[in-house]
Amino acid sequence: MSSPEKRIQELHLTLPPAPKPVAVYKTAVKMGHLLFVSGHGPLKADKTMITGRVGQDLTTEQGKEAARQTGLAILATVRETLGSLDKVKRLLKTYGMVNCTDDFLDQPKVINGFSELMRDVFGEDGVGARSAVGHNSLPGNIAVEIECIFEVEA
Amino acid sequence: MSSPEKRIQELHLTLPPAPKPVAVYKTAVKMGHLLFVSGHGPLKADKTMITGRVGQDLTTEQGKEAARQTGLAILATVRETLGSLDKVKRLLKTYGMVNCTDDFLDQPKVINGFSELMRDVFGEDGVGARSAVGHNSLPGNIAVEIECIFEVEA
Amino acid sequence: MSSPEKRIQELHLTLPPAPKPVAVYKTAVKMGHLLFVSGHGPLKADKTMITGRVGQDLTTEQGKEAARQTGLAILATVRETLGSLDKVKRLLKTYGMVNCTDDFLDQPKVINGFSELMRDVFGEDGVGARSAVGHNSLPGNIAVEIECIFEVEA
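Protein chains in written order, with the numbering used here: chain A, -6 to 147; chain B, -6 to 147; chain C, -6 to 147.
In case anyone wonders, no lab produced these hints; they're calculated from the structure. No experiment lies behind these values; they were computed from the predicted model shown.
Covered stretches of chain B, as calculated for chain C (at least 3 residues, CB under 8 Å):
#: 1; stretch: 95 to 102
#: 2; stretch: 115 to 128
One-sided excerpt, in silico: chain A residues whose CB lies under 7 Å from chain C:
#: 3; residue: 15
#: 4; residue: 18
#: 5; residue: 31
#: 6; residue: 128
#: 7; residue: 129
#: 8; residue: 130
#: 9; residue: 133
Where chain A lies over chain B, by a calculated footprint (3+ residues, C-beta under 8 Å):
#: 10; stretch: 16 to 22
#: 11; stretch: 29 to 37
Backbone N, C-alpha and C fix where the C-beta goes; we use that ideal spot for every residue, glycine too.
Assemble the whole structure, with the sequences as input and the hints as a guide.
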């Protein structure tokens, strides 16, 4: 399989600009082989976010698209932090949060939008441990927020 | 104290079948001495899940039982991943999520169902750092979802 | 910049008594260079907690004050665990949970109460990766719950 950076090209993926922190934090922090990535939202190329509550304002499919877009934003952060996505060894763990109604139950399908993207880019190394859960509210009404930990070159 | 595998026997615990991923993730990922365990639900031996909202469909005690069952599912995953529970050094950190009403406030009592099981099996090494919180919705309406990190033999 | 312990003095900060576990867990667990800190609430010097739902019972500013108080409680735990705050190298990752109404969207402003305190005490090393999210319910109706991971001396 191609390197992650080549995969980005082959898949014709367009990463949004690497997001800037909206408060007192860093978008990612590296310690040894671990890269802790902050909670990211579905940032689009035009710098706006996909907002709305899944199960009310957004369908499951639209939520999944938001999770994919969140993945693209995270890739932008990882590339900016490490210099290249080729320094990623694998995705260790994902925590996927869905802004949803109390009766929405398909969080795993939504977060798959992120997880399928990671598998597309990193292959089997892009499939890690994961939780997918519902939240009654997320910052700025973003549809999805995802944080994760990568294993990277030291 | 006996080894964890012996404790399982002494306590007459029955683990459910190790759960299969329901989406694009692995149920656990090992990196060095760290084992990242995915969010698990209260999987029963018959492969069904304990579902319902605590404070509405389930009592605190029933929620606690669901957390204990989630622990049994996690033990099944850890055994399958490592080959034996005896390779666990200790539980480092637990994140316990309770599917509950807005006015339910006893998440720590619920998640104790998991934590007491871990203490039963691993002794004092089964007591780690922990958060216990409420969620408005969890996948498939499971009553409890728990993710955790173990320290294991490299 | 002064050491963290000197900063505590210079800023005239008063830490609450280090909290005791309210259930089956430890308030912090150290493994090598990592210190996993359990979910803490806004414990005050009089040992009561700041309670209430942000967006309903508490304003954003009051929620932020609760997050700062949660930070003081975490500092008390870290000092008790390590013997001194000077053994902290940096804050790696924060997960900040806000007990809030479904339409409250300013979680980052609330959790800044914690993050600004960490920056005041540890300088730039107090700024790590972070997620800030809403929850429909937290234990005992506490306004904020925060867990985090520090890099510490081994």
